[in-house]
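Student: Take 29 as the starting number for the sequence shown in the working numbering and just add one per residue.
These are computed hints drawn from the structure, not numbers from a lab.
Check each hint, because a few of them may be wrong.
[Unchecked claim] Distance windows between CB atoms, simulated:
hint, residue 1, residue 2, range
1, MET146, LEU120, 32 to 40 Å
2, GLY169, PRO66, 20 to 28 Å
3, TYR184, LEU150, 25 to 33 Å
4, ARG95, GLN71, 21 to 29 Å
5, PRO183, ARG95, 36 to 44 Å
6, VAL177, MET146, 17 to 25 Å
7, ALA144, ALA88, 40 to 48 Å
8, ARG105, ASP173, 27 to 35 Å
9, GLY169, GLU114, 45 to 53 Å
10, PRO65, ARG105, 30 to 38 Å
11, LEU217, GLU119, 30 to 38 Å
12, PHE89, THR137, 17 to 25 Å
13, GLU213, VAL92, 33 to 41 Å
Even for Gly, the Cβ is constructed at its ideal location relative to N, Cα and C.
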Amino acid sequence: MKTGVLIHSSMNPNPQGKGIIPVLNDVASSRPQTAVPPKKIDQIAGELFTSMFVLESEFAFKPVIGREYYLYRKDSRFRLTLVSPEQWPGELFGRFIGRCMLERDITWTLEMDEQASMDQQLNRLIQEKKRAFEHALETAGQLGDVLPVYCASLPYYQRLFASALAGSLGISMQLSGIKDLTYSEAKGLLEDHT
29 MKTGVLIHSS
39 MNPNPQGKGI
49 IPVLNDVASS
59 RPQTAVPPKK
69 IDQIAGELFT
79 SMFVLESEFA
89 FKPVIGREYY
99 LYRKDSRFRL
109 TLVSPEQWPG
119 ELFGRFIGRC
129 MLERDITWTL
139 EMDEQASMDQ
149 QLNRLIQEKK
159 RAFEHALETA
169 GQLGDVLPVY
179 CASLPYYQRL
189 FASALAGSLG
199 ISMQLSGIKD
209 LTYSEAKGLL
219 EDHT
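Turn these sequences into a full structure, and let the hints guide you.
Tutor: Listed below in structure tokens is the structure:
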């Protein structure tokens, strides 16, 4: 007599969704949903900074293009949720920072809340992050080197969308002819056209 586990054909052999097929499906669904246009360095830098600011927050869901999300801050942690401040009064998630949206080109937008935009401590934190980001841009050998192709420190969905963001902005940089330039060379192109 054989002992063991009998798996019925109606049972899902992969109940937690792990494995290569779900990952490949996530990668495919995180690609830009529209043709990516060429962009100037200022726009690329702004979109990269904002997008990584959002992606470095905590969340455990797969973002959907065109849906509004809500960014909160509690202590030094940021959290992206599906719950608006109107739906949940109080500070369960922390202080409301702003409304975020994943755009069709896989960049994120952040519309700061009026009260949050006047928060001096938050503004200092954002300025510190921006200085570190600009330093990374200025010291990179090429602009393409600053793209978040693979960020091991990020959780799964954040890492997935950071990688998709790198692909999208990389295409924009390539179309603009700046991907292999340094940040100062790309900025110089802007000055030549003004």
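Student: Does each hint hold? Answer for all of them.
Tutor: Verification of the hints:
| no. | hint | result |
| --- | --- | --- |
| 1 | MET146 with LEU120: 32 to 40 Å | violated, 22 Å |
| 2 | GLY169 with PRO66: 20 to 28 Å | holds, 22 Å |
| 3 | TYR184 with LEU150: 25 to 33 Å | holds, 27 Å |
| 4 | ARG95 with GLN71: 21 to 29 Å | holds, 23 Å |
| 5 | PRO183 with ARG95: 36 to 44 Å | violated, 19 Å |
| 6 | VAL177 with MET146: 17 to 25 Å | violated, 36 Å |
| 7 | ALA144 with ALA88: 40 to 48 Å | violated, 23 Å |
| 8 | ARG105 with ASP173: 27 to 35 Å | holds, 28 Å |
| 9 | GLY169 with GLU114: 45 to 53 Å | holds, 46 Å |
| 10 | PRO65 with ARG105: 30 to 38 Å | holds, 34 Å |
| 11 | LEU217 with GLU119: 30 to 38 Å | violated, 45 Å |
| 12 | PHE89 with THR137: 17 to 25 Å | holds, 18 Å |
| 13 | GLU213 with VAL92: 33 to 41 Å | holds, 37 Å |
When the structure is compared with the earlier hints, violations turn up for hints 1, 5, 6, 7, 11 and for no others.
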